[in-house]
Every structure is written in structure tokens, then in C-alpha cells.
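Residues in the sequence shown are numbered consecutively from 1, following UniProt numbering.
Keep in mind that the hints are not guaranteed to be accurate.
[As the list claims (entries may be wrong)] The following label-pair restraints were derived from C-beta to C-beta distances:
no., residue 1, residue 2, range
1, F25, A49, 30 to 38 angstroms
2, P35, G59, 27 to 35 angstroms
3, I58, T26, 48 to 56 angstroms
4, L36, I58, 30 to 38 angstroms
5, L30, L60, 39 to 47 angstroms
6, S63, Q27, 52 to 60 angstroms
7, N65, S38, 38 to 46 angstroms
8, F45, F25, 26 to 34 angstroms
9, T26, Y61, 47 to 55 angstroms
10, F25, F46, 30 to 38 angstroms
11, A39, S63, 31 to 39 angstroms
12, Q34, S64, 39 to 47 angstroms
13, V54, F25, 38 to 46 angstroms
Keep in mind that the hints were calculated from the coordinates and are not lab data. Please read these numbers as outputs of a predicted model, since none were measured by experiment. We put the beta carbon where it would ideally sit given N, CA and C, even for glycine.
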Amino acid sequence: MRPPSSNFTNKHEPLPSQRPDNTAFTQQRLPAWQPLLSASIILPFFFLAGLTFVGIGIGLYYSSNNIKETEVSI
Numbered sequence: 001m002r003p004p005s006s007n008f009t010n011k012h013e014p015l016p017s018q019r020p021d022n023t024a025f026t027q028q029r030l031p032a033w034q035p036l037l038s039a040s041i042i043l044p045f046f047f048l049a050g051l052t053f054v055g056i057g058i059g060l061y062y063s064s065n066n067i068k069e070t071e072v073s074i
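Based on the provided sequences and hints, a complete structural model is requested.
See below:
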């Protein structure tokens, strides 16, 4: 067995850090968008959505009444 050489040291070189940058984006500390939910904004939206779906429902009802069934006996 050889004696340890004098230029050998047990010190390890520091490894590069694997941690993300300390920014608001990478640490997920960004401020969130919070909508203003007031009756003057929400009620017209609900009425418009309701009228839209009532219109779609009426259209589907009339189109389903115009369907003619045919029966084929073999």
C-alpha cells in the first residue's frame, strides 16, 4: 500500500446549487387576479346567459318537432 500523497486533500468542491431563483414568479408569490363580483355585474350576465340558453332550447324544440320518423319492415 502506498502512503497518501501530499497533494491529495479530502476537501470536496462545492456543487452548483439546484435551488430556483428567489423571485416572485419562481417562488409562486405573484398577486392573484380577483374579479369584482357585484350584483350589477353578475345579474346581467345571468340574464344574458339565461336568454341565450332559452333561445337554444326553443330552437332545439322546434327542430325536433320537424323530424319525421320512418319505419322500415324487413
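Structure-based check of each hint:
1. F25 <-> A49: 30 to 38 angstroms: 35 angstroms, holds
2. P35 <-> G59: 27 to 35 angstroms: About 31 angstroms separates the Cβ atoms of P35 and G59, which means 27 to 35 angstroms holds.
3. I58 <-> T26: 48 to 56 angstroms: Between I58 and T26, where Cβ atoms are some 52 angstroms apart, the hint holds.
4. L36 <-> I58: 30 to 38 angstroms: 33 angstroms, holds
5. L30 <-> L60: 39 to 47 angstroms: 43 angstroms, holds
6. S63 <-> Q27: 52 to 60 angstroms: Check passed, 54 angstroms falls within 52 to 60 angstroms.
7. N65 <-> S38: 38 to 46 angstroms: Holds, since N65 and S38 (Cβ atoms, about 41 angstroms apart) stay within the stated range.
8. F45 <-> F25: 26 to 34 angstroms: With a Cβ separation near 32 angstroms, F45 and F25 satisfy 26 to 34 angstroms, so the hint holds.
9. T26 <-> Y61: 47 to 55 angstroms: Given about 54 angstroms between the Cβ atoms, the range holds.
10. F25 <-> F46: 30 to 38 angstroms: 36 angstroms, holds
11. A39 <-> S63: 31 to 39 angstroms: Since the Cβ atoms of A39 and S63 sit about 36 angstroms apart, the hinted range of 31 to 39 angstroms holds.
12. Q34 <-> S64: 39 to 47 angstroms: Cβ of Q34 to Cβ of S64: about 43 angstroms, so the range 39 to 47 angstroms holds.
13. V54 <-> F25: 38 to 46 angstroms: 44 angstroms, holds
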